[in-house]
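Each protein sequence line maps, in turn, to chains A and B. Throughout the first sequence, residue numbering follows the UniProt record's numbering, covering 1 to 408 in sequence. Throughout the second sequence, residue numbering follows the UniProt record's numbering, covering 1 to 145 in sequence.
No wet-lab data here; the hints were simulated from the structure. The structure displayed is predicted, hence computed values, not measured ones. Don't take each hint at face value.
As the list claims (entries may be wrong) - Calculated cross-link-like contacts (lysine to aspartate or glutamate; reagent style DMTMM-like; alpha-carbon spacing at most 20 Å):
no.	chain 1	residue 1	chain 2	residue 2
1	A	182	A	209
2	A	397	B	111
3	A	400	B	6
4	B	18	A	339
5	B	101	B	111
6	A	398	B	6
7	A	265	A	242
8	A	304	A	242
9	B	126	A	350
10	B	120	A	16
11	B	126	B	51
12	B	24	B	51
13	A	400	A	297
14	A	156	A	183
15	B	49	B	77
16	A	398	B	63
17	A	400	B	5
18	B	133	B	113
19	A	400	B	14
20	A	4	A	390
21	A	133	A	112
22	B	120	B	85
23	A	398	A	318
24	B	18	B	111
25	A	265	A	68
26	A	156	A	112
27	B	120	A	350
Stated by the list, open to error - On the chain B side, residues computed to face chain A include the following (Cβ under 8 Å):
no.	residue
28	7
29	40
30	63
31	64
32	66
33	124
34	127
Backbone N, C-alpha and C fix where the C-beta goes; we use that ideal spot for every residue, glycine too.
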Amino acid sequence: MNAKELRQYFPILHQEVNGHPLVYLDNAATSQKPIQVIEAVDKYYKEYNSNVHRGVHTLGSRATDGYEGAREKVRAFINAREAAEVVFTRGTTTAVNMVAYGFARAFLKPGDEIVTTLVEHHSNFIPWQQAAKATGATFKFIPLAEDGTVTLEAVKQAITANTKLVAIHHVSNVLGDTTPVKEIAEIAHRHGALLFVDGAQGAPHKKIDVQELDCDFYAFSSHKMCGPTGVGVLYGKREVLERMEPVEFGGEMIDFVEHFDSTWKELPWKFEGGTPIIAGAIGLGAAIDFLQEIGLDNIERHEKKLVAYAMEQMREIEGLTIYGPAENRSSLITFNLAEVHPHDLATVLDSHGIAIRAGHHCAQPLMRWLNVTATARASFYLYNTEEEVDALVAGLKKAKEYFGNVFS
Amino acid sequence: MSSLDDLYRRVIMDHYQKPRNRGKLDESEGLVVNLNNPTCGDSISLSLKVEEGKVVDAKFLGEGCSISMSSASMMTEAVKGKSAEEALKLAHIFSDMMQGKEIDDSIDLGDIEALSGVAKFPARIKCATLAWKALEQGIRQAGES
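My request is simple: use the sequences and hints to build the entire structure.
Laid out in structure tokens, this is it:
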């Protein structure tokens with residue numbers, strides 16, 4: 001793949017920010033959208049906007065075909081057995097909460113355990129923490145290795161016969177490590193526990209095969225993988241989703257409504273109360289087409305090369321600390337520059353047109369574990385280039401020089 | 001770098017490097033307000049001693065960027081010795097300044113004026129106002145007790 005050529009599809013990248021060409025390195029927060037996705041959403045609203053699953057009329061059928069067609073694209077994208085295992089949600093956060101309410105709160109009791117790590121994004125942490133609090137289940141953490149990674153030895157230590165659910169990141173949004181999902185699934189299943197995987201930073205960057213990983217749930221967001229905001233996916237194995245309770249009641253998700261009780265539609269619709277995010281799902285379908293055409297393996301290779309190229313130069317900068325594993329990193333680098341607070345650093349870089357993230361990255365427990373209050377993060381995607389890495393490195397050097405000067 | 005220089009004026013960096021009134025008051029001496037900025041992780045712990053409607057002493061501890069910490073340093077310096085009413089008025093002026101509103105230039109703001117450049121950096125306004133929010137809360141608490 002050729003990142004420079006792919007840039008032509010992203011209108012937003014062709015602009016100047018603060019007098020410099022935009023260098024967008026905040027992709028772990030949200031990715032930019034190619035024209036194919038923008039046009040798919042536009043076309044839906046201009047040509048066949050209609051509600052799904054109820055209209056007898058032609059537009060209703062077209063909208064339903066578009067929406068359900070997108071579900072099939074997601075199914076193929078993650079290699080789920082059937083489209084019924086793909087539930088559209090508002091995003092990863094909603095997906096985690098659906099399982100936290102529909103499974104954890106519905107079935108767990110005192111003595112049961114929910115096992116997770118301190119690396120998790122708040123979205124894959126608080127819903128479980130609160131579910132444990134509400135049910136009296138124990139909330140446990142897999143001890144981390146020195147570089148913040150999750151080893152199988154530690155997983156084996158933490159999971160017991162009482163563990164009912166293991167919730168873990170596929171790729172950390174701070175450390176960039178990838179967890180051994182398949183092996184963790186095997187350990188969890190051996191103990192009769194289910195495995196929930198937060199794939200928000202996984203699905204956009206690498207090929208996902210949920211059957212191969214054998215996880216029970218896999219959640220991700222459209223907006224981090226070239227799709228629109230406001231839509232995401234909860235994958236769940238059929239037998240698990242069937243046991244799970246719906247958490248949103250309303251139109252669209254019912255079978256029969258009696259005076260004093262109701263029954264639910266079959267999967268996946270029992271989890272999709274109300275008019276769904278039709279345009280968003282269609283946009284996500286277009287994003288999947290776009291990514292598949294490039295090839296997820298190519299995207300992963302490109303990003304690993306960029307990260308290695310960036311790490312090599314960043315290691316040379318005196319006073320710069322990089323967090324997370326030294327090897328085998330996904331597409332982001334979290335760091336701090338001595339003497340320069342990450343917010344100040346982000347402002348200086350922004351004045352050079354370079355967009356990075358600064359803060360706690362929705363991972364306060366991890367920040368405490370790292371013993372920092374905030375960090376800076378540069379995160380890459382398929383359209384980033386080596387020249388942009390050079391711009392980042394030059395920007396970091398300038399920031400260091402700038403703050404060195406104001407301090408002296 | 002010109003707008004950056006406007007943001008990071010020398011006096012700001014001076015307060016960041018050499019914060020004034022850093023520390024905390026004994027619990028018997030005053031009240032403590034803890035605030036943080038949940039979007040970025042900045043935090044402040046402001047100790048205030050208010051007696052007979054007057055801010056007798058102010059100290060702060062905290063973690064954060066140059067803007068939030070220098071703002072806290074400047075704020076404690078500015079309100080010490082002022083009446084609670086004057087301190088609140090200053091907080092309002094500061095809030096107006098952050099929103100880029102015209103402010104009464106007959107009031108001598110001292111070092112605080114250096115933070116006026118923050119108004120041009122919307123993402124950083126919350127950094128600058130954190131300490132002032134703590135001040136407002138502290139004075140309100142003092143009035144209630």
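**Study point:** Proposed proximity, residue 14 of chain B with residue 400 of chain A (alpha carbon, max 20 Å)
**Key:** Given pair residue 400 of chain A, residue 14 of chain B holds - Cα atoms ~17 Å apart, limit 20 Å.
Review point. Between residue 398 of chain A and residue 318 of chain A, does the CA-CA distance stay at or below 20 Å?
Key: 13 Å, holds
Exercise for review: Given the hint that residue 120 of chain B pairs with residue 350 of chain A, test it: the Cα-Cα distance must not exceed 20 Å.
Suggested key: With a Cα-Cα distance of about 13 Å, the restraint between residue 120 of chain B and residue 350 of chain A holds, given a limit of 20 Å.
**Study point:** Given hint residue 183 of chain A paired with residue 156 of chain A - CA-CA distance at most 20 Å
**Key:** Given that 20 Å is the threshold and the Cα spacing comes to 10 Å, the pair holds.
Review point. Within 20 Å, alpha carbon to alpha carbon, are residue 156 of chain A and residue 112 of chain A?
Key: Given that 20 Å is the threshold and the Cα spacing comes to 17 Å, the pair holds.
Review point. Between residue 18 of chain B and residue 339 of chain A, does the CA-CA distance stay at or below 20 Å?
Key: With Cα atoms ~13 Å apart, residue 18 of chain B and residue 339 of chain A stay inside 20 Å; holds.
Point to revise | Holds or violated: residue 101 of chain B to residue 111 of chain B, with C-alpha atoms at most 20 Å apart | key: Answer holds: residue 101 of chain B to residue 111 of chain B is near 18 Å, not above 20 Å.
Exercise for review: For the pair supplied as a hint, residue 18 of chain B and residue 111 of chain B, confirm whether the alpha-carbon distance does not exceed 20 Å.
Suggested key: At roughly 14 Å apart (the allowed maximum being 20 Å), residue 111 of chain B and residue 18 of chain B satisfy the hint.
Point to revise | residue 400 of chain A paired with residue 297 of chain A [C-alpha distance capped at 20 Å] | key: Roughly 36 Å separates the two Cα atoms, so the pair is violated.
Point to revise | Pairwise hint evaluation, residue 390 of chain A against residue 4 of chain A, where the allowed Cα distance is 20 Å at most | key: Between residue 4 of chain A and residue 390 of chain A the Cα gap is close to 15 Å, so the pair holds against 20 Å.
Practice item. Double-check residue 63 of chain B for me: the hint is only fine if its C-beta lies closer than 8 Å to a C-beta in chain A. Key: At about 5 Å, which falls below the 8 Å cut-off, the nearest Cβ of chain A leaves the hint on residue 63 of chain B intact, so it holds.
Review point. For the pair supplied as a hint, residue 182 of chain A and residue 209 of chain A, is the alpha-carbon distance within the 20 Å limit?
Key: Roughly 10 Å between the alpha carbons, so the hint for residue 182 of chain A and residue 209 of chain A holds.
When the structure is compared with the earlier hints, violations turn up for hints 2, 8, 11, 13, 16, 22 and for no others.
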